[in-house]
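Listed below, chain by chain, are the residues.
Number of protein chains: 2
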Amino acid sequence: MTEEVKLFGTWASIFSRRIEVALKLKGVQFEYIEENLSNKSPALLKYNPVHKKIPVLVHNGKPVAESLVILEYIDETWKHNPILPTDPYEKAMARFWAKYIDDKLWPAVTKVLVSKGEEQKGVIEEIQEQLKTLESELKEKKFFGGESLGFVDIAANIIVFLLVAQEALGMEILTEEKFPVLHGWYQRLVDDAVFKECMPPREQHLSSVKVWFGSSTPSK
Amino acid sequence: MTEEVKLFGTWASIFSRRIEVALKLKGVQFEYIEENLSNKSPALLKYNPVHKKIPVLVHNGKPVAESLVILEYIDETWKHNPILPTDPYEKAMARFWAKYIDDKLWPAVTKVLVSKGEEQKGVIEEIQEQLKTLESELKEKKFFGGESLGFVDIAANIIVFLLVAQEALGMEILTEEKFPVLHGWYQRLVDDAVFKECMPPREQHLSSVKVWFGSSTPSK
Numbered sequence: 001m002t003e004e005v006k007l008f009g010t011w012a013s014i015f016s017r018r019i020e021v022a023l024k025l026k027g028v029q030f031e032y033i034e035e036n037l038s039n040k041s042p043a044l045l046k047y048n049p050v051h052k053k054i055p056v057l058v059h060n061g062k063p064v065a066e067s068l069v070i071l072e073y074i075d076e077t078w079k080h081n082p083i084l085p086t087d088p089y090e091k092a093m094a095r096f097w098a099k100y101i102d103d104k105l106w107p108a109v110t111k112v113l114v115s116k117g118e119e120q121k122g123v124i125e126e127i128q129e130q131l132k133t134l135e136s137e138l139k140e141k142k143f144f145g146g147e148s149l150g151f152v153d154i155a156a157n158i159i160v161f162l163l164v165a166q167e168a169l170g171m172e173i174l175t176e177e178k179f180p181v182l183h184g185w186y187q188r189l190v191d192d193a194v195f196k197e198c199m200p201p202r203e204q205h206l207s208s209v210k211v212w213f214g215s216s217t218p219s220k
Numbered sequence: 001m002t003e004e005v006k007l008f009g010t011w012a013s014i015f016s017r018r019i020e021v022a023l024k025l026k027g028v029q030f031e032y033i034e035e036n037l038s039n040k041s042p043a044l045l046k047y048n049p050v051h052k053k054i055p056v057l058v059h060n061g062k063p064v065a066e067s068l069v070i071l072e073y074i075d076e077t078w079k080h081n082p083i084l085p086t087d088p089y090e091k092a093m094a095r096f097w098a099k100y101i102d103d104k105l106w107p108a109v110t111k112v113l114v115s116k117g118e119e120q121k122g123v124i125e126e127i128q129e130q131l132k133t134l135e136s137e138l139k140e141k142k143f144f145g146g147e148s149l150g151f152v153d154i155a156a157n158i159i160v161f162l163l164v165a166q167e168a169l170g171m172e173i174l175t176e177e178k179f180p181v182l183h184g185w186y187q188r189l190v191d192d193a194v195f196k197e198c199m200p201p202r203e204q205h206l207s208s209v210k211v212w213f214g215s216s217t218p219s220k
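Quick note, the sequences are listed as chains X and B, same order. According to full-length UniProt numbering, the stretch in the first sequence is residues 1 to 220, in order. According to full-length UniProt numbering, the stretch in the second sequence is residues 1 to 220, in order.
So that you can see chain X by itself, here it is in the shape it has in the complex:
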């Protein structure tokens, strides 16, 4: 059976990039459709009428939305090169940490980019506590997923975005001195051939963050 796999995304979105990484780790051929979020396509609105957001994976005409839901769908549909553990307890832990990253870290990261002064300092402290929590979880492991990158590592691409954002805006949040464990993890992540292939062009990414959030006051 010929499979039709389409991904609706945007190049700068960490959420659609998660799906690209997972599909490439699985070796699944797919058509990537770049969406213009200021003028969403009728196809996107048809496939995700509830949230009207990317990413959307369309598999043989059937749409799935929400990046973590899509990742689980991919892992259950194409079972080789698993990204989630098979043990129910380990799987629950992976889901717990991915949810933590989306529910706690992501709102704080988006907030730090639009806040200023004292408020921004408070958010930076909040992020740094969250990053310490993630370092405690990672500890001596190569990846959150163990020996190879998995579900939580893919979800933790928010940290990669944070590193780009702090460089673009001259912030010091996730420094190598304060977070050696996460920096080591980041290096292994971007050394991974699949992950590297899915990174957006560096200069273009830095510029876009400057354009979007450049009015924030740098907090060092």
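Possibly wrong hints are sitting among the right ones.
Remember, identical chains collapse to one label, so a pair may be satisfied in a single copy or spanning two.
[As the list claims (entries may be wrong)] Straight-line C-alpha distance at most 30 Å; calculated DSBU-like pairs for lysine-lysine:
id: 1; residue 1: LYS139; residue 2: LYS52
id: 2; residue 1: LYS40; residue 2: LYS196
id: 3; residue 1: LYS62; residue 2: LYS141
id: 4; residue 1: LYS79; residue 2: LYS132
Just so you know, the hints here were simulated from the structure itself, not pulled from any lab data.
Could you slot chain B onto chain X? The hints should help.
The following block gives chain B in isolation, referenced to the frame of chain X:
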């Protein structure tokens, strides 16, 4: 092997009630530990150091937190009487709707209880749109899960709380005239022996909502 299953919860929490319902649907014996949220036990803080919240399921000494994560863990650990579909696409849809209920409906429901006047009217409209979306998903089905109650029905116990809250506070949000489909679903849900057994005592529940949120202005 003798299994040890403990649930840390509080009687009025819809989130710990989700876990009670799932364990009872599976026929899993468990010890229920009522937490006092204004004076959390050392055990709860040990088992959920990240969020310090109920519910926590402790299975043979290993803790799992976050209600939807726990529900998936229960379904994968005790496989009889499944609460999630086995088909990957159907499973993705169940996860999508449960996430919608937690990410969209729950924040709006908690907001409506603490807002007043014009702001409250706006939130009521928002909730009603979300409920219409859920009615479109439910349509002619007996339960979100199909013929028997499943993952989304358990997550949708937020709607049961909303019905209690609107009665306690004299609000009109989810009326039978406006939402006949959801009212039909609610009736089937509370007619289910397991679900009914997990409902908190009605008068106690109504009183507690009045105590917590009684200062909100009723919006009819």
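To see whether the hints hold, each was checked on the structure:
{"no.": "1", "hint": "LYS139 <-> LYS52", "in the structure": "between (38 Å within a copy, 21 Å between copies)"}
{"no.": "2", "hint": "LYS40 <-> LYS196", "in the structure": "within (28 Å within a copy, 45 Å between copies)"}
{"no.": "3", "hint": "LYS62 <-> LYS141", "in the structure": "between (37 Å within a copy, 20 Å between copies)"}
{"no.": "4", "hint": "LYS79 <-> LYS132", "in the structure": "neither (33 Å within a copy, 36 Å between copies)"}
Checked against the numbered hints given earlier, this structure breaks only hint 4.
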